[in-house]
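Visitor: So the chains spell out like this:
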Amino acid sequence: MAHRKKVLLKVIILGDSGVGKTSLMNQYVNQKFSNQYKATIGADFLTKEITIDEKLVTMQIWDTAGQERFQSLGVAFYRGADACVLVYDITNPISFEKLDSWRDEFLAQAGPRDPENFPFIVLGNKVDQENERRVPTQKIELWCKAKNAQQPMSFFETSAKEATGVEEAFQTIAKIALQKGQDDDIFVPAATIDLSGAATKSSGGCC
Amino acid sequence: MEQTPLPHSAPASITNETDVCTSPPPGSTSVWVQRMEKVKNSAVAAKKQLAPQLQQLKDKISSKATSAATTGREKLRNTSMPEGLQPAFVKAREGMSILKSKLSNSSIQVQLQAERFQAMGLKLVSEMMLDSQMIVFVDEEALTHATVFLEKYRHITSPLLVKGENCSPGMICWDTPFILYNILTYLGSVQTVAQCTQLNLSTRRHIHAERHIWRYCVRYGELSPQFRIGFWSHVAKVDSFRLSSELDYETYLQMSLSKGDWTEAIKTDVTRTYGRVAPHRRSSNDWTVSIDTDEELQHQLSSILHALAGKFPDVGYCQGMDYISAHILEHVKAADRKFGDHEPVKRAAATQVQVETTFWILVALFESYGLRQMFSPGLQRLHLHCYQFRCLFQAALPELYDHFEAEHVMVEMYIVGWFQTLFLYLNALPKETLDSMWDIFTFERNWKIMFRVALAMLKLSEQHLIGKSIDEMMVFLNTFGDDPTILTKSKLLPVAFSLKVTNTMLKQLERDHTKGVTRRRSVSTQK
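The listed protein sequences correspond, in order, to chains A and B. Under numbering that gives the first Met the number 0, the first residue of the first sequence carries the number 0, and numbering increases by one thereafter. Under numbering that gives the first Met the number 0, the first residue of the second sequence carries the number 0, and numbering increases by one thereafter.
Calculated from the structure, these hints are not laboratory results. For glycine and all other residues, C-beta sits at the position ideal for the given N, C-alpha and C. Some clues are possibly wrong.
FRET-style restraints, in silico, Cβ to Cβ [what the hints assert, rightly or not]:
1) S244/B / E48/A: 53 to 59 Å
2) L242/B / E131/A: 45 to 51 Å
3) T501/B / G110/A: 35 to 41 Å
Next comes chain B alone, as it looks inside the complex:
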C-alpha cells in the first residue's frame, strides 16, 4: 500500500543524472564492446535456444489446462446438476474456452515478444556503445523520469556473465537489469512488462524489484482497453476484497433491496445516468438527441448501486456514485465484448459476472481510494480535497488564483463536479485522457494525479480565464470550448506531472484542515 520512496523526487538532481548518462564513465567502454561482440556472435544461437524453451512452456501449460479441464468435466458429469447450477456450468465452460484461447495466444505472443526483445536489445546495446548515448525519447519529460531510475542499474553487471560462457545472450539480457529496464522503458507498455514477468525467474525478480518501471509505463505508455479492467483490478487488489468479504454480492444486494432506503434515490438517478445531456454544457446542439434508454443497463446499474449501499450502510447512495459505477460497468462490458456476442443464456451469465466485477472494483475504490469518505454524509473528504486544492492552486498559480478570488469563483464551483465523479462530470474531457488518469489513479493509489490534472487544466487555461467575468469563466471551465486541445492527453498530462504535488504536501494540508475544522467547531460550541 505504501509507495516506494522516489529517488528522483528532488528536481535538482535530474539535470546531473542526465549529464552522467550522456558521457559513460571511462574504462567501462572496453568491457561493453567485448560484451557486445559476444552478444552479436551468439544472437542466432540464442534464438534457437529460446524457441524450444518457450515451446516447452507452452506444452506444459496446455497439458495442465487440458488435464484440469478433464477433471472438471468428469466431476460435472458425475454429479447430477441442480437447476440453479446451470448458469454456473455455462459460465465455467465458457471460462475454460476463454482460458484456452488466452493461453495459446499468450504463448505465441511471448515467443514473438522475446524475439523482438532480443533484436531490440542488441540494437540498443550497440547503439549505446556507438553513440555513447541513451535511448532517444520523444518526450523529454519521460526521458528524465526513465534515466533517473535507470542510472541506478547502469553499473550492475549480470551475475551470469561472471559465471562463464554457457549462457545465451538472451539470458544475459534478461539478467542484466539495466538492459532489461532499457528495453521495457523503450517499449513503454504495461502489458509487455506484465508479460515479461512470466518469462523467467530473474526477469520477474528484476521487474518486481523496480516499481518505477511500472510507474513509468503507466504514466507514459499505452494500455490497450481490453486489459484496462484487469489492470485496475490487479493494482486495486480487488480480489483480496472479494475473497475477504464476509458476504457475497447477492447478499448485499438483497439486504439493500429489502430495506429499500435508497431505492427511490437510486431510481431517480439511474434513469438519468445514461442521459446524454450534461446539465450545464451550454452548447446548443445537444438538445435533440433521441432517447435510447437501455432498461437492462439501468437495471444492472441499479443493482450495483443497491449492493454498494448494502455493503456500505454508512454511505448509502450519493450522487456521483452513479457516474463512477456506470463508467466502470461500461469498461467491464467493453473488455468482455472482444469474446464476441453471447447467446442469450450465456449472455445472462456473462452479465451477472460483469455486474459483480464492477461491484468489487467499486468496493476496492471505496476502501482504499477514499471514495467511502468522499460519499458518506457530510462529504468530509470532498471538503478536505476542496481545501487542499485551494491551497495548492494559490501556491502554484497565484496570479490566476487572485483573479478567481476577485471574481468570486470559488473552488467548490468546479472542483466538486470534477472530484466527486473522478472527472466524469467534465464532458469535454477526451476518453483517452480520462482513461489514462484513471490508470494512474488506480496504480498510484492516491489522489495526486487528480490534483495535478485539475491544476494543469487551470494552468493551461490561464490565458482564457484572466480578465474574464465569472460567467465566462464558468462557461469555459465547463466546456473548455475555445481550446479543446488543452484536455488532450499529450498536452495535459505532461503539464500535470510537472506540477509539484506530493503526499507530504497533501498530508500537511490535511492536518491544517483538521485543525481548522476542530477550531471552528469549538468556536461554534462556545457560542
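So that you can see chain A by itself, here it is in the shape it has in the complex:
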C-alpha cells in the first residue's frame, strides 16, 4: 500500500427513511447539523480526506434514499463499495428490524467478492433522544453477534445532532475497510493484483 499516494474508500450509508443518514454524513464531513433537510432522492456523496496510520485516505461517503422501493436503484450506487454503514433510529424499532433486509439487499446488489467478511458497521442514531429510546443496546449487540459469531460487526450509538460517536464510527469503518483491503492485497498473489478490486483504488476512482 505504501507506494500508493492516495487511497479511495467508497462507503455506503443505508437505513430506513428518516433515521438520519444525511445528518450523519453532514455531521461527519462538515461538522454541521440541520433539522431542515429534505428527504434524499436517489443518492449522492460527499468526500472527506483523513489520515489513518499515516496514510492519506479519501473517503467517498454515499448517502442514499431510505425508502425501500429505491433499493432497485442500488446496483448503480453500490458498485465498487468498500464498506457499508447500516443506520437505524433508536427511537424506532421498525428501522432496527429492517437492518437485515438492508444488509441482504446490499450484498445481493453490490456483489462483493467476500460477502461473509465484507466490512459493515451499525449505527444506532438519535441517542440525544434517550428518553424516547425503544431499541435497547443489548438488542443490537445480539444482532451483531448473530450475523457473525467470530467477528461480530462493530456498532456505535450516535447522535448526528450532538456529534456523539460520529467521528469514532467513521474512523472505525475506515480502518476496518482499509484493513480488509490490505488483507485482500496480501491474499491475492502479487502478480495478479487487481487494481479495480473491491478495496483500493487510485484517485479518480475506478470500480
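Chain B: place on chain A using the hints.
Guide: Quick look at chain B alone, frame taken from chain A:
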C-alpha cells in the same frame, strides 16, 4: 390526448420556409395593398362597431349571472340550512363574488384587448406590405417555429372578403387566420389566446384549429402566475378526472387514514418537506436558517398525500410525491391569494378547496403523465427514463458521455433526483425556468421537455464538466455554482428545444428497454 402531427418536424424544411416568407409571391401584392386601403379607411368605423357588440356581450353575461345568483340565493333562503352546509354556503357566496369581479374585469379586458389588436393588426399588415417582411422576432428560434405554421395560412383569404363590403376590418382580421395568428404569435401570451377564443365563433374556430398557436405561446410566451393553476388544470383535463371519479377526495382520504399503511412514512417526510436545506447542496451559508415549520401547511400536505395513497393503493406513498404535491399546493395558494386575505371561516373553506384542487391536479398527473408508474414499487418508469436518457445522452453528446463513463458518473446519480421530482430537487433551478418547464410538460402531455432540459443542462455545462473528477462533477450537477446563468429560462430553454427528442425516439427506446428487461429476466430464471 394524441398530439397533432408536427409539420415542421423536419429541420431541413425550415430554411426553405423562411426564404419563402421574406419574399412574397408576385401578384399578391396588389391584392394586399387594396385590402390594406380598405382596412385603413374603416378603422375608426370598426372601433365604433365593436364597442356596442362588446357592451352587449357584457350586459348579457352580467344579467345572466345576476339572475343565476338570485335563483341561488332564493333557493338557499327557502331551505333551512344544516350545520354541515355552512362552509359550502360561505364558499358559494365567495365564489359568486369572485365570478362577478372576474366577469366585469374580463369584459373590460376583452374590449381593451380588441382595440389593441385592431391597432396592432393594422400596423402589422401595413408593415408587412411596406417591407415585404414578416414580423421581427427577437428570438430566431421562435421565429422559425412561428413562420413554419403561419406559412400554411398565408394564402387563405377571408371568406368575408368575398362576400362583400358590409364587414368591418376588425371582422376581417378575426376571420383571416393568417392575420389572426400573426397577431397572436406577436403577443405570444396564452392568456390572450384563451381570451380571443371567447371573442366570436370564427376566432374560436381558427384558434382551436391550430394547436401550434397554443404550443408556440406556451413555449415562447409568458404565463402570468395567477393563471398557471387554471392552465395546468385545463390542459391536464383535471375536471374530467374529478367528474368521472368513483369517490370523492374526502372518501379517499378517510380510506387511507383508516388503513394507516403510509401514515408513518408520510409523517416522516412531511415534517421535512418544508425544510429548506437540500441534502447535498454543499454550500456553507444555508446552515443557520431558522425553523418556520407551518404545521397547518404540513397537515394539508399530509392529507393530500394520504388521499393520493387512497386513490392509488398500488402506489401508496413514495418519496418525490411530497416535493411535487407541496409545489402544486404552493401554486394553488399563490393563485388564490390575489383575492385577498380571507376571514377565518372563509379561510377554512378556501383551504379545503385549495387542498382538493391540488389533489385532483395530482390525480391527472398520475393518470396521464406517467407519474403513477414513476412512483409505484419497482419504479419501472424511472428505470425506463434513466435508460432512455442514457441513450439520448450518448447520441447527443458523445464526448461528454465518454467522460462521464470514464469517471463512473452514472445517469442515475443525477437523473433520479431531477426526474423523480420533476426537477424540484434541483434547488439551483430558477423558479421561472421551472414554471415554464411545467407549463410545457402539462401542455405537451409527454416527457420530451424533461429529457430536453436535462440534456440541455449537460450540454451547457460541458466546459465545466470535461476533465473534472467525479467529485467535482457531482458538485457541479447539484449546484451549477460556477455558472448559474446556464439555468436561466432564456439560456436553457432555447438549447433544450434545439435538441432533437421525439416521441418516436422515446417509443423506440422504450421497446428496446422492455426487450432488454425481458431478456435479463429470462436469463436470470434460467440460472
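Visitor: Does each hint fit the structure? Answer for all of them.
Guide: Hint by hint, here is what the structure shows:
1. S244/B / E48/A: 53 to 59 Å: For E48/A against S244/B, whose Cβ atoms are near 56 Å apart, the range 53 to 59 Å holds.
2. L242/B / E131/A: 45 to 51 Å: Roughly 47 Å apart at Cβ, these two residues keep to the hinted range, so it holds.
3. T501/B / G110/A: 35 to 41 Å: holds, 37 Å
The structure shown violates none of the earlier numbered hints.
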